[in-house]
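The hints should help you fit chain X onto chain W, whose structure is shown.
Each protein sequence line maps, in turn, to chains W and X.
In terms of UniProt numbering, the first sequence has 374 at position 374, counting the first letter as 1, and numbering is strictly consecutive.
In terms of UniProt numbering, the second sequence has 95 at position 95, counting the first letter as 1, and numbering is strictly consecutive.
Don't take every hint at face value.
Stated by the list, open to error - Far from chain W, some chain X residues (derived; all Cβ distances over 10 Å):
1) H30
2) I82
3) D121
4) V173
5) D234
6) D247
Unchecked claim - Quick list of the computed label-pair ranges, beta carbon to beta carbon:
7) X:A37 with W:L167: 38 to 48 Å
8) W:R122 with X:D234: 54 to 64 Å
9) X:A182 with W:R122: 40 to 50 Å
10) X:R176 with W:D91: 34 to 44 Å
11) W:G172 with X:R176: 46 to 56 Å
12) W:R122 with X:Q205: 26 to 36 Å
13) W:A146 with X:R176: 18 to 28 Å
14) W:R153 with X:G165: 26 to 36 Å
15) W:G198 with X:Q205: 48 to 58 Å
16) W:Y279 with X:R176: 50 to 60 Å
17) X:R176 with W:D17: 49 to 59 Å
Hints were generated in silico from the structure; no laboratory data involved.
Just so you know, these numbers come straight off a predicted model, no measurement behind them.
All residues carry an ideal CB built from backbone N, CA and C; glycine is no exception.
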Amino acid sequence: MTEPHGTRSGAEPDPVDALAIAWADEVEGTSYVPMAVDELQAHLRELAGLVIDAVLADPPRPDAGAEVGRRLVAAHFTGPETLERTVLLLDEQLPALLDPAVLPAVHALTGTLAGGYAAALRDRTLDEQEAIRRAVLAARHHTEQALHASEARFRAMFHEAAIGIGLGDMDGRILEVNPAMTRMFGHTADEFRRLTVGDLTHPDDAPSVWRLYERLLRGEIDNFRLEKRFFRRSGKEIVGHLTLSLVRDAQGRPTYQLAMLEDVSERHRLQENLEYQAYHDPLTKLANRAKFTERLERVFTREGPDSLRRVGVCFLDLDGFKTINDSLGHSVGDRMLQEVARRLGSCVTDGELIARMGGDEFVVLVEDSHGVDRLVGLADRVLAALAPPLPLAGQELVVGASIGVVEQAVRETTASELMRAADITLYTAKAEGRGRWAVHDPGRDEAETARFTLSAALPSAVAHNEFFVLYQPLVSLADHRVRGVEALVRWQHPRLGVLSPSLFIGPAEETGIIVELGRRVLEYACRDARAWQDEFGDAAPFVSVNVAQRQLAEPALVSEVADLLDRTGLRPDRLQIELTERALTVDEGAPLKALDGLRAMGVRIAVDDFGTGYSNLSYLRKLPVDVIKLDGSFGEGLREEELSDEVDEVIVGTLVALGHALGLTVTAEGVETGPQAARLRALGCDEGQGWLFAPALPAADIARMVRRGAPLGDPAARPGGDLLGA
Amino acid sequence: MQRPSWAPEDVDIDRPSAARVYDYYLGGGHNFAVDRAMAARAVADWPELPRIMQANRAFLRRAVRYLADQGFDQFLDIGSGIPTVGNVHEVAHATNPDARVVYVDIDPVAVAHSRAILADDPRTGVVQRDFAEVAAVLDDPVTRSLIDPSRPVAVLVVALLHFVGDERRPGEVLARYREAMAPGSHLVVSHASADGAPDRADDHQALYRRTATPMRMRTRDEVAALLDGFTLVDPGLVFLPEWRPDDPSAVLEHPERFTGYAAVGRRD
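Chain W on its own, in the form it takes in the complex (with noise of 0.2 Å):
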């Protein structure tokens, strides 16, 4: 830095500096001046040293004082305190430090200083606020060509989106489309512009859809969203999937609706395409077993438990088709099947669904049916459309077919208990002879149905262990002591509970499986004898086992049993087998054989039911037998305490000496009341049977019975009481 006057000698302060630092103390703060201290001070140094020069000079310059206010304000003193105090100071300081003499140089260069500073303030201020206008209209440029550059976006978003979009106003006049809209309606932008949004209309549209609209134009919704049909120009129609939304303005008021469109007529068609496939027959064109379930199910899940609706059904079965298929090859039986189903079509109406089931079966559907008539009426004309012979490979077929007719409340039923129905009713009407209907009845059916399910399920059953078995005792009518047990099966259905033997015993022996039902019996029959043998002893009840004619034809039933004994460890003699009259009977002569060898191991054989069959007296001699059970329906008419059936003592009282002349044991079955076991007593019969003494318990309640060792059905007890113990 230049020292602008000469340098003074001695201790004497120098004025400049003493100026400088006063000024710094005074203006501090006045104004932010991007400066350290001991900067700012070197500043005003050198404008105090300017300041001394000029009032000493001679003449003084009071002009330098523009300059020094010009260089306050480019060091951003820019603070109106900052002049004020200047002013100020240079007035009071000067004198002072130089001389009173130069007060009026001072006034004179404080007014220059002000000018200048106020000059230059204003020239700062007016480039500063010209930069920040500037600024801003750099700032508003900016922001137009970003805007630009988004609208240009926006229209190229617009005119290339593959997807249409229209905007349109809140009266439904169309204001704008873009190219993708208009090649998806084949209308031209203009065009659009005529039509309004009430002109894209559906037919097939769902009230749902205008309501959605109204509701947008009210503002109440923002957008939605749906699948809707449009005419193109030319008539065609094409599927869009739409969405429509509002644009609001500022305030949020609904200004604009903006439609968004995509053409999904292509994935429309495919999907149709693929529904077809999926619901149809593709051989006869028909309806499939799906799509007859389904709409099936429909009426059923759409009716409420008040509903007076009606449903039928006619289930067709062609007769003797598989012969046809295999003498003269698929070929003619696919064109049999379509021949069909072009003459099923004849003969049904609006409402009615033909569907093919499978293979031969056809089944026609009558949604809202009013009564048994009109399906018997459709029955009729279905056979006799078939009656005619069909030229088929160079001859005339006659095809035949078996009708099952349901028609029910829809109601009283569901839709699979509907088709059980006709199942079984199309069973029924084969079996009654082929070439017509039969009308479901519920009371055959009911049985039939039974029966039928039963029997399918009993192989699983037998595989899944759903039998156990229990045990009623039989009692010396001397003393009413347990004498034995009879083993009874029952079944634990999964759903239906615990079910009797006649009900799955009859079709246990048709289906064959009565055979390993049979053998699982035994075994059970003889583990639990062995258990009461091994606590009982000599005293232990013997076990007596049913076993069905079937089991008696197996040519391995005596090696099975003595195998059974061995494993099990029962006393051949506590092992007792009941045979039906009507298998002993049979004029063959395997199971006399196997009767031999299971006597020949010491295990007794026993009539059951005896009375009931035809029985040839006669051959009873020859028979293999140590016991007869005389039939309940004997001692019936012994029940009675006062009156007893005379008839039936001597019937009993007969079979009783036969048995005893043959040297049989007598058991007599059905034993109810204490008069009854009395009579039968003194009748002969050594054994008794029944609810008198016991019904059928688990084997642990016989071994408590045995090891009370009390009499059962004493007289003075109520029948079956008590016999449990505690």
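Relative to the frame of chain W, chain X by itself:
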């Protein structure tokens, strides 16, 4: 809704702008009547305000000089506002003429003005971004061309955080900057506080509610929490005039009247 980057903000000069009001407090002319009217109302309530603003600006000057003296030659000034007097590049260049400075602000007018002033200076650059857009700020081509992220950088967040409400999670934003800064980098922070003048602060915050940048003053603890993860250099977190004053012997009376905090922290 987040505004897409290509949909610009309007330039609205009918509302006061924090950047222009600050310029006015510092004696600048880069402001409009609406800005001056607001400043006048604020000063009427709180006469020390211009001095506080000056103290803040003086802290910025001291902090930049301190860092430049330490050898820092790249500066990122976030929320730089209107370049008025004593800008970062001017202070830094006094020590190191090669120092690089990037100014970041979201105010379109401040950015336009900065670009006009700095157009001819290749050592400086301007980025229009919000403070919270950390990745966008750091990855901007201007930032990339001037600042080498592998070397220590001085990040300045001066008189900005009190315009960032808690809902914008300023602490997390600072942490993201910290993660991106090379070890040895420094963060410069000043923050308005009501600690020294609680009676006045409420009215003052109410005034700023009319601007595009409402104010959220914070206590000393709250400011300290924002600096979590930085090691503060001496003298730590202090009132504005107390941070490394030019003349340590000068005793300040009532430093708390300059009601704002200052600190410089190191990213270790």
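Hints, one by one, checked against the model:
1. H30: Its Cβ does come within 10 Å of chain W, the nearest being 4 Å, so this is violated.
2. I82: Non-interface label fails for I82 (chain X): nearest chain W Cβ at 7 Å, not farther than 10 Å.
3. D121: holds (16 Å)
4. V173: At about 25 Å from chain W, V173 (chain X) clears the 10 Å cut-off, so the statement holds.
5. D234: Holds: least Cβ distance 19 Å, greater than 10 Å.
6. D247: The claim breaks: D247 (chain X) does not keep its Cβ more than 10 Å from every Cβ of chain W (closest is about 5 Å).
7. X:A37 with W:L167: 38 to 48 Å: Given range 38 to 48 Å: holds, Cβ gap about 42 Å.
8. W:R122 with X:D234: 54 to 64 Å: Roughly 44 Å apart at Cβ, these two residues miss the hinted range, so it is violated.
9. X:A182 with W:R122: 40 to 50 Å: At roughly 47 Å between Cβ atoms, R122 (chain W) and A182 (chain X) fall inside 40 to 50 Å, so the hint holds.
10. X:R176 with W:D91: 34 to 44 Å: Because 58 Å falls outside the window, the suggested range is violated.
11. W:G172 with X:R176: 46 to 56 Å: Given a distance of about 50 Å, which is inside 46 to 56 Å, the answer is holds.
12. W:R122 with X:Q205: 26 to 36 Å: holds (35 Å)
13. W:A146 with X:R176: 18 to 28 Å: holds (26 Å)
14. W:R153 with X:G165: 26 to 36 Å: holds (32 Å)
15. W:G198 with X:Q205: 48 to 58 Å: holds (54 Å)
16. W:Y279 with X:R176: 50 to 60 Å: holds (58 Å)
17. X:R176 with W:D17: 49 to 59 Å: The hint (49 to 59 Å, Cβ to Cβ) holds, given that R176 (chain X) and D17 (chain W) are roughly 52 Å apart.
Consistency note: the structure conflicts with the earlier hints numbered 1, 2, 6, 8 and 10.
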